[in-house]
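Residue numbers (the UniProt record's numbering): 1 to 206.
Derived by calculation from the structure, the hints in this document are not laboratory data. Take the hints with a grain of salt, since some may be wrong.
Straight-line alpha carbon distances no greater than 20 angstroms define the calculated EDC-like cross-link-like pairs of lysine to aspartate or glutamate that follow [stated by the list, open to error]: (1) 162 with 176; (2) 106 with 5; (3) 185 with 146; (4) 185 with 136; (5) 187 with 176; (6) 77 with 105; (7) 19 with 94; (8) 19 with 110; (9) 162 with 148; (10) 162 with 109; (11) 77 with 167; (12) 97 with 146; (13) 187 with 115; (14) 187 with 136; (15) 106 with 169; (16) 19 with 146.
If you're wondering where the values come from, they're calculated on a predicted model, not measured in any experiment.
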Amino acid sequence: MQTGDYTVHIVDDEEAVRKSLAFMLTMNGFAVRVHETASSFLQFAPSIRNGILVTDLRMPDMTGVELIRRLTLTRAKIPAVVITGHGDVPMAVEAMKAGAVDFIEKPFEDIIIIEAIRRAAGQIPDKPLDVDSTTEVLTRLESLSDRERQVLAAVVAGLPNKSIAYDLDISPRTVEVHRANVMAKMKARSLPQLVRMAIAVGFSWQ
Numbered sequence: 001m002q003t004g005d006y007t008v009h010i011v012d013d014e015e016a017v018r019k020s021l022a023f024m025l026t027m028n029g030f031a032v033r034v035h036e037t038a039s040s041f042l043q044f045a046p047s048i049r050n051g052i053l054v055t056d057l058r059m060p061d062m063t064g065v066e067l068i069r070r071l072t073l074t075r076a077k078i079p080a081v082v083i084t085g086h087g088d089v090p091m092a093v094e095a096m097k098a099g100a101v102d103f104i105e106k107p108f109e110d111i112i113i114i115e116a117i118r119r120a121a122g123q124i125p126d127k128p129l130d131v132d133s134t135t136e137v138l139t140r141l142e143s144l145s146d147r148e149r150q151v152l153a154a155v156v157a158g159l160p161n162k163s164i165a166y167d168l169d170i171s172p173r174t175v176e177v178h179r180a181n182v183m184a185k186m187k188a189r190s191l192p193q194l195v196r197m198a199i200a201v202g203f204s205w206q
């Protein structure tokens, strides 16, 4: 789907964020519409055709996770990209489990969110979100050592390296080594991609 074939709907309670993101996307050729609250967007959602949602996770009227869940209940076919702070990674994972296509950690470069929006535009209903097949991801998982699987579970759950080191009784430096090995073996270029893989194959980190 070409950039001009869909509209990006930005939902964020901070006016400065809405305006800056809308300006950047407009300058890059996207059609954009902004919404001050999740509630106002929900009222508008049933009429949306060929739309993509970009929403912050933490908003006063409802969280990004709640917004995505309500969209699912209304059967609105609107792929969602969520924006999150570093401490909100577990919440972002919940959003992806609820149906979000991707999550972007603040601060982010323009190209990162542009690529996420383009991935959302190419989402095929009822198909895996990653180009990697389930079989390929499972094969990569099997190549991980027990310790690397423990680190993967902790990383996907959003735990920082220091907490992982404490829980596993190893040094933070050792956690960094295991984390790098996990990213390499899973062929993940980013944390969001790693999370998408884990969700796609039902990997449990609880």
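Status of each hint after checking the structure:
no. : hint         : in the structure
1   : 162 with 176 : holds (10 angstroms)
2   : 106 with 5   : violated (27 angstroms)
3   : 185 with 146 : holds (13 angstroms)
4   : 185 with 136 : holds (11 angstroms)
5   : 187 with 176 : holds (16 angstroms)
6   : 77 with 105  : violated (24 angstroms)
7   : 19 with 94   : violated (27 angstroms)
8   : 19 with 110  : holds (14 angstroms)
9   : 162 with 148 : holds (16 angstroms)
10  : 162 with 109 : violated (26 angstroms)
11  : 77 with 167  : violated (40 angstroms)
12  : 97 with 146  : violated (24 angstroms)
13  : 187 with 115 : holds (18 angstroms)
14  : 187 with 136 : holds (10 angstroms)
15  : 106 with 169 : violated (30 angstroms)
16  : 19 with 146  : violated (46 angstroms)
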